[in-house]
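Asker: Chains as they are written, first to last, in my numbering: chain B, 39 to 350; chain Z, 296 to 810.
Just so you know, these hints were derived from the structure itself, not from any lab.
Careful, some of the hints might be misleading.
[As the list claims (entries may be wrong)] Derived lysine-lysine pairs resembling DSS-like cross-links, with alpha carbons at most 30 angstroms apart:
(1) Z:K609 with Z:K639
(2) B:K142 with B:K89
(3) Z:K617 with Z:K727
(4) Z:K639 with B:K90
(5) Z:K609 with Z:K727
(6) Z:K617 with B:K173
(7) B:K89 with Z:K617
(8) Z:K639 with Z:K617
(9) Z:K727 with Z:K639
As the structure is a prediction and not an experimental result, all values here were calculated from the model.
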Amino acid sequence: MAVTLYWMQGGGCGGDSMALLNAETPDLIELLRGLDVDVLWHPSLSNGSPKKHADLLRAIASGEQRLDVLCVEGSIVRGPGGTGMYDTHAGEPRKHLTHRLAQKAGAVVAVGTCASFGGIGTDGEIEATGLQFHKGRQGGFLGAGFRSVAGLPVINLAGCPCHPDVVCGALTALVQRVPLDLDEYQRPLAWYGMQVHQGCVRNEYHEYRIEESALGKRGCLFFHLGCQGPLTRGPCNKLRWNRRSSKTAVGVPCFGCTSPSFPRPNPFFESRCIADVPLDLPEGVDRAHYLAYKGMAAAAAPDRLRQRKNRI
Amino acid sequence: MATSITIDVPLNRVEGDLEIRAQIEDGVVTDAWAAGTMFRGFETILRGRAPMDALVITPRICGLCSTAHLAVAALALDALSGAVPPPDATRVRNLALMAEHFQNDVRHGLLMFAVDFANPAYAKHSLYREAVERYQPFAGSSALGTLRASKRILEIVAILGGQWPHSAYMVPGGVACVPAPTDLMLCRQILQQARLWYESQVLGCTVERWQRVDSAAALDAWLAESPAHANSDLGFLLRFGREAGLERTGAGPGNFLCFGALPIPADSAVRGPTSSGFLVPAGFVHGALNEPFDQAEVVEHVSHSWYEDYRGGKHPFHGETKPNATGRDGTKYSWAKAPRYRRKPSETGPLAEALVAAFPLFVDLVAKLGPNTLTRQLARLVRPATLLGAMDTWLTETTGEEGFLAAVEPIEDGEGFGTTQASRGALGHWIKVEGGQISHYQVITPTAWNASPRDSEGVRGPLEEALVGTRVADPENPVELGHVVRSFDPCLVCSVHTIGPDDRPLGRVVVGGSP
């Protein structure tokens, strides 16, 4: 029996859907076919009439149509004043619709940081929140105790956008009943059990503390240019993007977009430093030890790195 | 006795929260209202942040136009800082934007527009079976090739900028990347592959052969010339669209606006269609006139938008946006403001670009048939043909000899704007900075132009106007309206506006409140 999927877009930019179209091996279409997934609705790709869509929503709500997987992209818009009227569907706050569907879904997947944690708009007047988290705090729209029909908490596939191979991998795991271990923010460890820093082509520059204060150079972006790679869990530099590269590889700092706190309030292109060392150190690192280590590492830096001879 | 009904049509293909209310009498649309149903408040999110943060925040306005938002944010910061990017930085910025357009035009054309040809409403159309075979969602024979080709070309954006969507590699003074000659070589190979696919599946001929199509008669001759032409996606669009009557719907107001895009560096061998110095020239076409564009003539109205009223229109440097959600009472019905150019509702997008550039085929088609759904969609599907040659030249010309990034002083105070053509039309950002922080940010998106509500004088927006007169066979499955709306490639999520600090809770709001 086909696995049924409904894709809901809320307070977001559609970027997760657009990124998903770039999924590789298999292509999205082949993946859905291979897993026997019946996409009941995707706002970008389905061609059913408005009436057909309305009938579908009624059938899911009544239980007549089984819903195995609900994917939600975009935040839950609660503003103004909790009414949700900044984001409506057919005159009704969209959050009501999302709530109804979530009660019927076998599994609920938050695709992207907005759906996972609120993301863009959590501090804005749209009063955005995530499905089961508000930033790093459990709860969110559905509440900490929410469990899907299959007994699962919301699976958070963070990222702005979420890497398409993560979405495909999580769907495959759900369909094939491969267990997914989750971290404390309900992100699968398979993809969020590593730092963005791992696999960065600038790693050697980081190691010896060859740091840049201006863009367009080869050194490390962590110390002055705001890079969050060592603090952020995600697979960007393992999976790469669009088969080719990553932001840090081309000289753009990691903005920490898989983090519950994204977007952070302080400037993206600057590291907040104390005594020339970032205030926010790599996850789990002791400051005193780090200072000693980085001082020694800088002293040990080979000339090929000091002179930026190593290509990236 | 005339039968009069009003239907609500949520049309949210692509990212979008656009709901159309159409009034139908005797099977014909007599009036229409386009309502943006989502508000995201981006400009407020930007206020108080560092100017460079606009490069990270604004691409997230739209996952489809991410590169275009980045490009105009960078242009606005260039203007503020007085930085002049080196010629290779301009080439790299252009290349990423053009790859995004290619991706958009074929994805929209074949995955999002053409899927409506496989709607059961066309069961009696002579080409229905073929339409289902080609475009059935997730299954059509054109779908897999389109998906693959559209993601391949985005690899160019990733090689230059790290990822698509949502990178931030365009920065004031140029770009953060330093592509190696071998990176550019790889980009050329990817481009060549994209061109071969586009020629064989979409055009059915070479780009050069297509570019000789310079009139309505030449288009008919091209279609009849070979089965490869007739059976290509382009040939199928023309054959299906003509039989479905798409040349007779979707006229719109007949005003066409293009902000201009893709500046040609002084040292480049690329030649634009005019002497403007842009591959996509700026301008405003209405009737037989093709006038220069001046951003000072852009204003936004809020008389029919859920914001507190002000008189007439305001330029985005002076724009104000205070919520005034009155539900269906009164005249307001959309979260989108109503942008106007010289007081006129104006259509924007690939057709506007073609008319401003005076491409003979489109000038002739519009002269003979008037603007319409099919010609608008045709302009989008063939736009990549105007980009591929320049992309290849720019990749060849990029050497990095003058660097990719000019030195830039920190931005403390001032104002600036950036304008370009996103995939779906004119896009502008207007920014003011005080004491090193953003104090004012206004965004006007292409969909705000196209899906605008009525203005202070009660004049309909382009899409609303284009819907009037459309014949609808089945109000429960109004596929005809879908074609008209989608020919504008709307992306309503882009219609984002600030609200002031004195916002008050909304009551129950019914979208599409017709007067």
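Asker: Hint by hint, say whether it matches the structure.
Answerer: Status of each hint after checking the structure:
1. A threshold of 30 angstroms between alpha carbons decides the hint, and for K609 of chain Z with K639 of chain Z the separation of about 14 angstroms falls inside it, so the pair holds.
2. At most 30 angstroms may separate the alpha-carbon atoms for a hinted pair to count; K142 of chain B and K89 of chain B meet this at roughly 21 angstroms.
3. For the hint linking K617 of chain Z to K727 of chain Z, the alpha-carbon distance of about 19 angstroms falls within 30 angstroms, and the restraint holds.
4. Distance hint between K639 of chain Z and K90 of chain B is unfulfilled; the C-alpha atoms sit about 37 angstroms from each other, more than 30 angstroms.
5. In summary, the hint linking K609 of chain Z to K727 of chain Z is supported, as the alpha carbons are separated by about 16 angstroms, within the 30 angstroms threshold.
6. Of the supplied pair hints, the one linking K617 of chain Z and K173 of chain B holds, its CA atoms being roughly 27 angstroms apart against a limit of 30 angstroms.
7. Taking the CA atoms of K89 of chain B and K617 of chain Z, the gap is about 35 angstroms. The hint is violated against a cut of 30 angstroms.
8. Only pairs whose Cα atoms come within 30 angstroms are accepted, and K639 of chain Z paired with K617 of chain Z is accepted, the gap being roughly 24 angstroms.
9. Restraint check for K727 of chain Z and K639 of chain Z: satisfied, since their Cα atoms lie roughly 26 angstroms apart, inside the 30 angstroms limit.
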